[in-house]
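Undergrad: Each chain, written out:
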Amino acid sequence: MSADRKIVLNAVHREMGARMVPFGGWDMPVHYGSQIEEHHAVRRDAGMFDVCHMSVVDLRGERVREFLSHLLANDVAKLKTAGRALYSCMLRPDGGVIDDLIVYYMADDWFRMVVNAGTTEKDIAWMQEQAPAFDASVEPRFDLGMIAVQGPNARDRALGLMSDDMRSAAAGLKPFNAATDGHWFVGRTGYTGEDGFEIVLPESETEDLWRRLAAAGVRPCGLGARDTLRLEAGMNLYGQDMDETVTPLASGLAWTVAMDGERDFIGRAALAAQKAAGDIPRFIGVLLEGRGVLRSHQKLLDGEREVGEITSGGFSPTLERSIGMARVAADAGDQLQVDIRGKKLPLRRVKMPLVRNGKAQIEL
Amino acid sequence: MSNIPSELKYTKTHDWVRDEGDGKVTVGITDHAQELLGDLVFVELPEVGAEINAGDECAVVESVKAASDVYCPLNGEVIEVNEALADAPETINSDAFDEGWMFRLQLVDAGELDGLMDAEAYAEHCENEEH
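As you go down the protein sequences, you meet chains A and B in turn. Heads up, the first sequence is in the working numbering, so the first residue is 3 and it goes up one at a time. Heads up, the second sequence is in the working numbering, so the first residue is 333 and it goes up one at a time.
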C-alpha cells in the first residue's frame, strides 16, 4: 500500500480535532487533544474508537466449521451457541503467528471473523489458499465499518441509539457474545479491559452513529489511548508482541491454543515440537519501579546477561507508572533490569492484566 | 497555530531560548513541540554543572507516544534545572514557555544568541515543516 488510505470517518475526525497519523496503511486519529484524558474517559465513563480499518471477513460453507478447526489454533468446537466469539491465532505450518483474530459463530454454514488492519491482505490470501479443500468461501466485507464503544457506561449510551430490535438483542448479551439485526452486528467485546460493544454496521451508517454517540456523551478516542488501554489490560498487539517469527507459546498466548485431543490444525506439529524441546521463551508483564518509560525493543538484562526485550511498553495513565510486556529467555531470573539509553533500571515482574474494569490489579 | 511569544529566540529543533541578561539564558521546548509530542509523562534533564555544546543531546522528553531528544541550543554550562518537572512533566503541555522551562545556561559567548531565529522566522519554519 503506498498512500495512506482514508477511513470513511476521516473528515469527521479532523472536524473533531484529531491529530492524524499513518497506521497499518491507514490515516488514523492518534488523539483528539489529550490521549491521557481519553484513556481515563474509557476507564471511568465511555469512549469510542473508529476501528473501520480492521476487516470483517465472512466464511461460509457446509464444512466451514471443519475448515476453521483446521485453520485456527484455538478450537471452534468451543463455539456452541450462535453469536458466541472466540479469540484465536492463525498460524503458519512452522507455528509463527500470521494474525490474531476474533471469530464468531453465526450459523452452521456461516462464521464471521474480525482481523487486523495491517494483516488483512495476507490473511485473506492465506485463508483463500486453505479454503477450497473444505469447499468454504472467504468473503472480505469491505462494505462494513466498525466502531468500538468502551467503558463502564458505554453499553447504556450505545443501546439508546439502536433500533428497537437491535437493542433488545444487544441488551441481554453476555460477554464475548454477539447479536445481529439486519446489517448491524453488535458484540460485547473490546480491546480495553472495560465492558462495552464493538458495533459492525454498513460503512455508510458509521458517520451517523459516530455523531450520535458523540452527542450522547461518548468521547472520541484515538489509537494512542487504545494502545495504553490494551497494554494495561494485558492484551497483545500483533506486530509488536507477536508476529510470524514467534509462536503463541512464546507470546503469552498458550491459553488460546487448544492442544487437547487429536485435532489437526495448521502449526500443531511445530508447537508440539517446541513444547517437547522445553526452552520456550517466557512472555511476562513488567513494571518500571522508578521514573522513565518502557518502549518496545529496549533490552532486558539479568545481571550482565542480555535475556530479552520489551515487546510493548508505555505509560500507564491508571497506575501513573511505566508498564510493558517482554519476551525473555526461559532461564532468565526474576531480578531483571532494562537498559534505557545506557542506564540500567530495575524492573518488577507483574501479572497481567494490570487494570481491569477501571481497577488496578496490583499494589504499587 | 500554536502560540509563539515574540520576545523569545528559537531553534529549528523547537527549543525556545529566553535571554536573562549577563550571558544567562533559559531554555525549554516550544508549544508547537509539546503539541506534536502529546501528553508528556517523563523528562530527563542535564546535570547542573555540565558543559554542553550547541547541538548536543542534553535532555529527553517522553510523551505517551514516544521519547524525543532535546538538543542544546547554544554552547554553555548548565546552571539550573527545573526540578519541578520530575513530578509534573505535564507542566510543559500546559505552559511550555513559562512554568515548563527546562534548564538555564551560562553561555560561553552571549553573542551566539544572535544566530537563533526570532518568532517570525520560527513561525515560518513550523509552517514549512507542516508541508
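Calculated directly from the structure, the hints in this document are not laboratory data. Glycine included, every Cβ here is placed at the ideal spot set by N, Cα and C. Worth double-checking, as some hints may not be accurate.
[Said to hold, decoys possible] Partner residues are not named here, just some residues of chain B that face chain A (Cβ under 10 Å, in silico):
(1) Asp371
(2) Asn385
(3) Ala399
(4) Tyr403
(5) Glu415
(6) Ala418
(7) Asp427
(8) Glu431
Undergrad: Can the hint on Glu415 (chain B) be confirmed by a CB-to-CB distance to chain A that is less than 10 Å?
TA: violated (13 Å)
Undergrad: Does the CB of Asn385 (chain B) sit less than 10 Å away from some CB of chain A?
TA: It is violated, given that the least Cβ distance between Asn385 (chain B) and chain A is near 19 Å, above 10 Å.
Undergrad: Against chain A, with CB atoms and a cut of 10 Å, does the hint on Ala418 (chain B) hold up?
TA: holds (7 Å)
Undergrad: So, Asp427 (chain B) near chain A? Judge it on the closest CB pair being under 10 Å.
TA: At 15 Å from the nearest chain A Cβ, Asp427 (chain B) fails the 10 Å test, so the hint is violated.
Undergrad: Could you check if Tyr403 (chain B) really has its C-beta closer than 10 Å to a C-beta on chain A?
TA: violated (15 Å)
Undergrad: Tell me if Asp371 (chain B) is really an interface residue toward chain A, meaning its C-beta lies closer than 10 Å to one of theirs.
TA: holds (5 Å)
Undergrad: Going by Cβ atoms only, is Ala399 (chain B) closer than 10 Å to chain A?
TA: holds (7 Å)
Undergrad: Using Cβ atoms only, decide whether Glu431 (chain B) comes closer than 10 Å to chain A, and label the hint accordingly.
TA: violated (18 Å)
Consistency note: the structure conflicts with the earlier hints numbered 2, 4, 5, 7, 8.
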